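K.L.:
So the chains spell out like this:
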Amino acid sequence: MDPGPVRYTIRIDGHLGATMLSAFPALTPRRCGGHTVLTGLLDQSALYGVLAEIEALGLNLLEVRQHTPQRESPPPGDGRSP
Amino acid sequence: MQGGPVTVAPATLRLIDRGDLLAALDRAAARKVTIISAPAGSGKTSLIRAWTDRPGGPHQLAVVPVQRDQHDTQLFWLALLDAVRRATGAAGDAEPAAATPEFNARAMVDRVLSELGDARGDLTLVIEDLHELASPGALAQLTRLLTNLPPGVHAVVSTRHDLRLRLHRLRLAGELSEIRASELRFCERETRELLDAAGIALSEAGAAVLHQRTEGWAAGLRLAVLSLAGHPDPERFVAEFSGSERTVAEYLLAEMLDRQRGDVQRLLLRTCLLDRVNGELADLLTGRPGSERILLDLEDANAFVVSLDPERTWFRYHHLFADLLRLELRRRRPKEVPELHRRAAGWFIEHGQVVDAIQHTQAAADWPGAARLLADHSFSLTLGGQEQTMQSLVRAFPPGADHPELALVRAMGDLSQGHLDEAAAHLAVAENYAETAPPDCRRRLRVAIAALKLRLARRRGHLAGVIEQVKFLDSPLTGQSDEDITLGSDLRAVALLNLGTAKAWSGLPDAERHLREGAVLAREICRPYLEVHCLAQLGFASKVRPFATTRRRCLEAIALADRHGWGAEPVIAPALISLSGALVFTGEFDEAERWLQRTEQALQTDTGPDIRLLLHMVGGMLHACRGRHQHALEEFSAAEQLRSQLEGPPATASQVAGWLVATQARLGRPGEARALLAALDDERAGSGEIRNACAVICLAEGDPAGALGAARDVLDGTVPVIGYVTVAEAELLVGLAHRELGDQRAASQAAERALALAEPDRLVLPFAMTGSRELLETLPRHETAHAALRTEILDIIHGSPATERDRSSPPPVEELSPGELRVLRYLPTNLARVEIASELSVSRNTVSTHIRSIYAKLGVRDRSSAVRRARSLRLLSAGRTR
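Residue numbers (the working numbering), protein chains in the order written: chain A, 1 to 82; chain B, 1001 to 1882.
Bear in mind the hints are in silico, worked out from the structure with no lab data behind them.
All values reported here derive from a predicted model rather than from experimental measurement.
A portion of the hints provided could be inaccurate.
Have a look at the derived ranges for each label pair, beta carbon to beta carbon [claimed, not checked]:
#	chain 1	residue 1	chain 2	residue 2	range
1	A	52	B	1150	51 to 57 Å
2	A	52	B	1472	44 to 50 Å
3	B	1178	A	52	20 to 26 Å
4	B	1526	A	41	51 to 57 Å
5	B	1332	A	34	38 to 44 Å
6	B	1335	A	26	17 to 23 Å
7	A	43	B	1439	41 to 47 Å
8	B	1150	A	41	47 to 53 Å
9	B	1645	A	41	47 to 53 Å
10	B	1140	A	43	26 to 32 Å
Stretch-level coverage of chain A by chain B, calculated; a stretch enters the list once three of its residues show a Cβ under 8 Å from a Cβ in chain B [said to hold, decoys possible]:
#	stretch
11	9 to 23
12	38 to 49
Sample of chain B residues lacking proximity to chain A, with all beta carbon distances greater than 10 Å (derived) [to be verified]:
#	residue
13	1039
14	1246
15	1313
16	1316
17	1330
Think of the CB as a built atom: it goes at the ideal place given N, C-alpha and C, for glycine as much as any other residue.
Make the full structure from the sequences, and use the hints.
P.N.:
Rendered as structure tokens:
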């Protein structure tokens, strides 16, 4: 059941430069300490596409989190960490 | 950009010997299956290379790298089979495995397992990059392979992530081992050794920092070494690297690229879009000569370039490296990307590599061009067995975009799976488009469409449609290029195949000539798939011949298919089912059942009504002969149902209907039988087969006089019959009716006439199907000239060859087994043992074993006395011709 595009944040180890970021045109990058956080609206198949890209580029995936705006606050454990 | 060397001298940059890791793999590989599961760039491939190349490594080795994004599971399996055959040295004995339009993965796994089982000594099967295999079905079949490996065979599988292989059983049995990323990571000592081996002077502290920053990640270390080689200040390099927060791969790739000479950079960036590259193609893309030398140097420097062939003409980049380079290219020169794809496509099409050309045209986002290329080459791609690849190319088009050319390709996929209505719908779209297409490609489109319509008409049994398309295709093609000439021969062979098949289906005599010509032509133009197809249909077309001829032709076709690895695929199904049918006619039911099962296996991917009709018909014959009327009814009903999906009924249509009706009657339901009769069209209702069915109904209704009347129509020739089988059946029904009427003498005479008809070709089926056991049993031995056949038929009906033996003749010391009896029947012929073996499709050894055993049991020493003794024991009929 794909509920349609939802906002995700994806945390990757290290700073992604312009070359790496060009692999994720649909996502907005932000630096956060030694990590890069990518944010954007993704449906399930786009999410898996992004995850495959992260794998293909040998990046170190730290966290994937889904934001559910319908709820007042995301309950604990809602973040999907691998 | 610096003017440094292309790379460092090859000798200084060898893979270091990671002894601990090799020992770990040694331990792991002692189990049946080893999975190396670790992310990109972890050094999986290098580990496997080092392990297999080292002295004392596995001596029989089959390596299968899964191609990038492999959707075509058939190509994967063929590569695997070829690798195994090369490893076992079996490759010399057989034709190389080739692709077919239809493909049965299950049968392929059986084949691979059987090749592995034939391996002498230990064999290691290595499957690299399994994560690229984009098919759940293929993983399921692979699971079956991995869990059933023969003794002495080990598998090593590398993948970037854990896959859905269901290997619990192996795990529980302690036969599964895993090597994961943590074990692949370089330790500090190994990092040091790697630097030393490359001749890089770096302080102890610098090496430690480099190790820490890369976390021992193999690709990172290799990139670092490439950058550090010849670097004026390695310490500064490491310090800057560790001060950066950039990801390891990106930082080091940029550094490494910048350290390369301009022409090397240019080559890397401009050829990274290709899955494989050679010097000529690289020259074309870079616009400069000398690329081959650079590629060779890069491989020697272990710089993420690997040659694909022993001659080192084709190369590929390490996947991670290529992905990074592609990003770099897109960022630095985005406008060049489509042009590079276009140039590559042009080169590939010039060199006949159509699939690569289409993929690059798609990558250049030239969708109309890609659709045109695909449609243009769809005919030869199908004949070359690239069906699955074509369908995955179709799926690569953006959804929603309407390319009418693609309807043609979709129709082909439908036809291969027997989805005839869908195929017709797609063909209609393709035809509409062809009329509006530019003139230069209209002709080719029309040809492709005609070839498909031909195939569709044939599969529907629509002879007139077949002839119409053949006439169209027969008109000479306008062009004179080589391609047109090849297309001409291909088309002619395809036309002969379809015409012959359609004529055979309709029972026309020149079917065999067309098919034989088609097979010869296919052989001449090196289209083995077409040749096997023609021969398989020739087996089917032989059904009016003596059964021995049908059997021989079918076995020949099956042998050729087996040599190509198509022995369990739809293409050979007509021969498999015809062989099974011939065996039912001659009463060899167990053997028939075996071939019937093999036909079912071969038809897994083909649900076409034409071939399935034959499958159900033979299944019904077999059940009916064994007295399992309920099962027979189901099979005949299924066959009859499929007939309604065909435009042209097969020549045997009235036979199926007749047996269906008769089976209802034998099940004690004459009412239902009569209802079926009433629903038949006039043509079939007036056939001899249906008159026989009427006789069966009358007998079931207790009206033997009515039965006599119906069967006599067949015997006096007032109704058309398919063949003498119908006449023999009518004689038996007459005999049964006379028995009911109490006229034993007339019954015996009818039985004797049926035996006389059956004798030349050793026909058994009608006796078994009509339940004529008592009729034969009450036929006095001295009143028949066919005593041996009578005994043989009774033995078959009883299901045991020994029970009806004449008690007055001296019994043999020991009863012959069914296998021995089968061989015995060939002893009166001139056939040598090896020929008997091929007739029975068993090995020569089996035949020799049986013959030894026959001699022993009959108490004889040679073939001629065995025949004499067998005759006197009535194990052989008197003067049968085979």
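K.L.:
Please test the hint of 20 to 26 Å on the beta carbon pair from residue 1178 of chain B and residue 52 of chain A.
P.N.:
22 Å, holds
K.L.:
Honestly, do residue 52 of chain A and residue 1150 of chain B meet the 51 to 57 Å range at C-beta?
P.N.:
Between residue 52 of chain A and residue 1150 of chain B, where Cβ atoms are some 35 Å apart, the hint is violated.
K.L.:
Determine whether the non-interface label on residue 1313 of chain B survives the test: each CB of chain A must be over 10 Å from its CB.
P.N.:
Since the minimum Cβ distance to chain A is about 27 Å, residue 1313 of chain B lies beyond 10 Å and the statement holds.
K.L.:
Quick one: work out the minimum CB distance from residue 1330 of chain B to chain A and report holds if it exceeds 10 Å, violated otherwise.
P.N.:
Nearest chain A Cβ is 6 Å from residue 1330 of chain B, so the label is violated.
K.L.:
Okay, the stretch 38 to 49 of chain A and chain B, do three or more residues pass the C-beta test at under 8 Å?
P.N.:
violated (count 0)
K.L.:
State, for the Cβ atoms of residue 1526 of chain B and residue 41 of chain A, whether the hinted interval 51 to 57 Å holds or is violated.
P.N.:
54 Å, holds
K.L.:
Could you say whether the range 41 to 47 Å given as a hint is met by the Cβ separation of residue 43 of chain A and residue 1439 of chain B?
P.N.:
44 Å, holds
K.L.:
Hey, does residue 1246 of chain B actually stay past 10 Å from chain A on C-beta?
P.N.:
5 Å, violated
K.L.:
With 47 to 53 Å as the target window, see if residue 1150 of chain B and residue 41 of chain A comply at their CB atoms.
P.N.:
52 Å, holds
K.L.:
Compute the least Cβ-Cβ separation between residue 1316 of chain B and chain A, then decide whether it is above 10 Å.
P.N.:
15 Å, holds
K.L.:
Are three or more residues of the stretch 9 to 23 of chain A within 8 Å, CB to CB, of chain B?
P.N.:
holds (count 11)
K.L.:
Evaluate the condition: distance from the CB of residue 1039 of chain B to the nearest CB of chain A exceeds 10 Å.
P.N.:
6 Å, violated
Of the numbered hints stated above, those contradicted by the structure are hints 1, 5, 12, 13, 14, 17, listed in ascending order.
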